[in-house]
Structures are given as C-alpha cells and as structure tokens.
Amino acid sequence: MDLDALMRCVGTTSCIVTQLTSGMIIGMLLFLIASGVTLIFGVLNVINFAHGSLYMIGAYAAWTFYQLTGSYFVSALGAAVAVGVLGVLFERFLMSKVYGSNVLMQLLVCYAVVLISDDLIKIIWGPVSLSMGMPVEFRLPPLRFFGGVVPPFYIFMIVAAMAIGLLLWLVIARTRFGNIVRAAAVNGPMVSALGIRVNLYYAAVFGIGSALAGAAGALAAPVRSLTPGMGFSILIESFIVTVIGGMGSIVGAFVASIIIGLTRSFGSIGFPLFVDGVMFLIMALVLIFKPSGLFGRPHNK
Amino acid sequence: MSAAEILKLDGIDVFYGASQILFGVSFGVEKGQSLALLGRNGAGKSTTMKAIIGLAPPKRGAISVHGVAVQKFTADRIAREGIGFVPEDRQIFPEHSVEDNLKIGIKTGVGGRSDWTLEKIYDVFPILASMRTRMGGRLSGGEQQMLTIARTLMGNPDVLLLDEPSEGLAPIIVEKIGELIQRLRGMGITLIVAEQNMHFCLDIASHVAVIDKGHIVYRGSIDELRANDDVKKRYLAV
Ligand SMILES: Nc1ncnc2c1ncn2[C@@H]1O[C@H](COP(=O)(O)OP(=O)(O)OP(=O)(O)O)[C@@H](O)[C@H]1O
Ligand SMILES: [Mg+2]
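Protein chains in written order, with my numbering: chain Y, 1 to 301; chain W, 1 to 238.
Since the hints were derived computationally from the structure, they do not count as laboratory data. Hints are all accurate, no fakes.
Subject to a maximum C-alpha distance of 30 angstroms in a straight line, what follows is the list of computed DSSO-like cross-link-like pairs (lysine-lysine):
1. Y:K122 with Y:K97
2. W:K31 with W:K176
3. W:K31 with W:K8
4. W:K72 with Y:K97
5. W:K107 with Y:K97
6. W:K31 with W:K72
7. Y:K97 with W:K59
8. W:K72 with W:K59
9. W:K107 with W:K59
If we strip away everything but chain Y, and leave its shape as in the complex, we get (with noise of 0.2 angstroms):
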C-alpha cells in the first residue's frame, strides 16, 4: 500500500494527465472486447470464453501485416476484418452447433478453440514474444497536456476505440439490422417466423463481436508485448467489465471499462498489490447493490 504516492500522484496535474491517459486505454482495450462479449451474449445467449483468442490472433494478425505492409493503418483494418470473417467460421462451424446446449459444452467448445488458437500461434509465431512498436505513422513527438507527455499514438487508440463504440451503437440502435438484432435477441423464432434468415443474423452479430476483439489486438500490438496466452487475463477482465456494466448493454460495458481502466492505472500507483482485488471488490459491490450491472435491464437473460 501507498496511498501516499497516490495522493501526491493526484496533487500533480502532469501525473494525473499520465495516469488518465494510461487509464483509458487500457479501458478502450476492454471495452471494445467486452462490447464484444456482451452483444454475443445479449443476442445470442451464449458466452464467447474464446474471446481472448480472437483479441490475440488479431493482435499477431496485425504484427504480420505491419510488416508486410509497413502501413499501421491498413494493417489494422486487414486484423480486424480477417478476425471478424474467423468469427463467423467459428460460429458457423462450431458456436451454432452449441447453442441449445447446456453452458458447459459451450465452455468445452471455446476452450478447445482457446488450446489450438495458443498453440497455432506458437507454431506459426513461435513462442517468445514480439512486439510491434511504434508505428511509423505515428513516430511523432509526445503531445503535453497541463505538464503531462502523452504519445499521439495513445490519443489514436482512445480515439478509435470510442469512434468504433459510436459506430457499434448506433447500428444497433438505430438501423434495421439492429432492429432486427434487438428483437432477434428476445425471440429469435418470431422474427424468423416473420421471414428473417435469422441465422444470419446470429453469424453476422458473432463476425461484429469478433472484429470488435481483433480491432482491440491491433490497437493493443504496439503498446503490448504478443504473446501465446496474452488473451486470457484481458478475458478475464473484460467479463468483470461485462458483469459491472450489466450483461448485453454496451453502454454499461463502456462506463465499466473506464472505471476498471482508471481503477488499474491509478491503483499502480496507490495499492500496486491490490489492484486486482478492488476490481473484484467494484464487482462484488455491483453484484450486491444492483445483481444487473450499472446498466442491465433485471429483465435481460
């Protein structure tokens, strides 16, 4: 424990403007992962445990492309649409095999998805760990803000992340695919009963959730090291996240990834060896006080 360190960190507008920064990314990873997480589950019903994988193939994906490209932005883009089109195979092939099964044969399902993807990238990646680095777009001087350094690269990310979470919302929310989503969510034999090829939909949601992971890998390669397994904690967290802001609401995935973002940044510095227990802590109270997180509806399944 060093609550002092924290306090002076708090006194100083350059740590502050550090640890926040710091902070939202690390929020922005989870959220465009648990937003992935929680339109699966809300529209699907089941809980993609291999999320993880797919934030890390697209993590690699990106690392490969990057040098064969040599443009971040193109490589970006290429990881996250290969790792959506990964995510409709596997929910084609493998998640809509599952759906009517009990959880623990959809667990089985994804963890066996989570052993071969681990292993592939130790075959095709080998098994020490790279890192990207900076990319050249944007090896450019720090910005400073109030006496803080703070990478353009880092303002990209958190840029990008809420203008995808923008984008993901307002087609739910606002298109005839997300009308149709959104009802598909509550009574997918109704709206297939209505002429809806609704399986489509199920695989169409499950490629977004997974382009959603992929995007968050190729944010994440140059500020990460890549590494086999690298997808597990951050799946882990984002299920704290998803519990937190209430299952199948990407809004509450958005609030709950900026206060577990903040949470990690700012507990590093006040109670470093804790700061996994006051996540849980933030969950156990959410869980009390409101069963269905910040902004989960009692109702939703």
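Fit chain W with the ligands to the supplied structure of chain Y, relying on the hints for placement.
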C-alpha cells in the same frame, strides 16, 4: 380437393420429444377461403399452426404452399413462400416501439408483391397510428393483438394463420377483431383461424376443420357445421 389449394397438409405427424401430438392431419385451403380450425383446449390447434410455419416441423407427411413442398424448410423460408403466422401469445417485441415492431415484419410477398405499407397499415389500424412510438410491451392485450396481426401483414402473406385471435380479450375487442378479419377477407386474403370459440368463427369462416386429440375429426363448410349438432356437442362443447 382441387389443384387450386394454396396450402395443403397431407397426413402430418408432429411430435414434441417422444410424445406424438398430431396424427395424420390433412386439410387444405383454396385461395380466398377462410378456414376455421376448431378444437378444445390442447386439441392440437397451435401445434398445427406451428407445423405449417415450420416451428414444429412434422416427422411424417407433407405440407405444400403454392404446390411447393415446404415441410423440410425453416420458418423464415416458409414465411417467404407466402405464409404469415400470428401466434396465440402475440409475441410482440416488448422493447421495440409499435413502428419498429411493424418494420421488422417488412417483406415483399410472393412475386414481389408489396400491397402493405406502413401508411396502409395505419389506415386499416388507426389505433396503431396513434401509438407508433409507444413500446410494444405497454400496449393492452387488444392493441397487442392488432399489432401482431399488422406486423405479419407487413410481410404481404398470401395465407394468414391466426392462432386464437379472440383469446383473453373483452367481448367488445373480440368484436373489433372480428370486423378486422372480415375486412381482410374482403381484400381477398386466405385465412386459417384456430379457435375454441365457434361463435366467433361462424361469421368469419367459410370452411371448418375440427381437431380433437391431434386428429382431424370433421371437415365441411361453415353452414354444414351450423346444422351438425352432433359434431358441435361432441367436439366443441357447445
Ligand atoms: N412444447 C411442448 N412440449 C410438449 N407438449 C406440448 C408442447 N406444446 C404443447 N404440448 C401439448 O400438445 C398438445 C396440443 O397442444 P396445442 O398447444 O397444439 O393445443 P391447442 O389446441 O392450441 O390448445 P389451446 O386451445 O389451449 O391453445 C397438448 O396436449 C399440449 O399439452
Ligand atoms: Mg393453442
């Protein structure tokens, strides 16, 4: 019956798990006809409706729509063949507005027909026009029944399956639904109405099939049924 049958069931057997619910159910409707499927509680009316739309696919037997065998098709495909399904428990989307509920139903009919538009729906269902932004879950039972019929009409079906449209509604509302069904008939739509309430059907149906314990036990015109006290007593608790 004649080749003009737009929908035909031929000896269908339906099971829920191990228990058989329908036993060799056969009947058909011709274009423009209105068939009442009458039977007591648990007789198998809803199961028959679900079998037609593909939500309870038959294990044996055939169902054809416009001469196309659909018994192996998924529900969405059968709907696109021209079947419109209005379930007995309404199943409106409670957190969608009235208008969004209607929009989900949008689909062209067979041959690209698009007679039903939002404007026309609001014209036929003025009550819905006055609450287009209200959440579906906040409508009364009668309003929900109107909405669920309207939502299905948005898909321009050739055959409309109505499962107990009068169930649980006040007599005055039942009367309104009856008038609406008359009006739809006037527009030439083909109907199958599942009901326990024979009196409701006397006005709106041209033909009748009576189902009991999963068997079709009587078929005829509505006038024949009117005259047949034996069937009415035995199967319809009149
Ligand atoms: N999902 C199900 N699983 C098992 N049995 C079912 C299921 N749904 C209905 N049944 C049984 O099938 C039989 C026929 O039910 P169905 O709903 O078709 O009757 P119905 O004529 O529509 O009755 P009601 O007038 O009450 O709506 C009943 O005995 C019912 O208990
Ligand atoms: Mg019924």
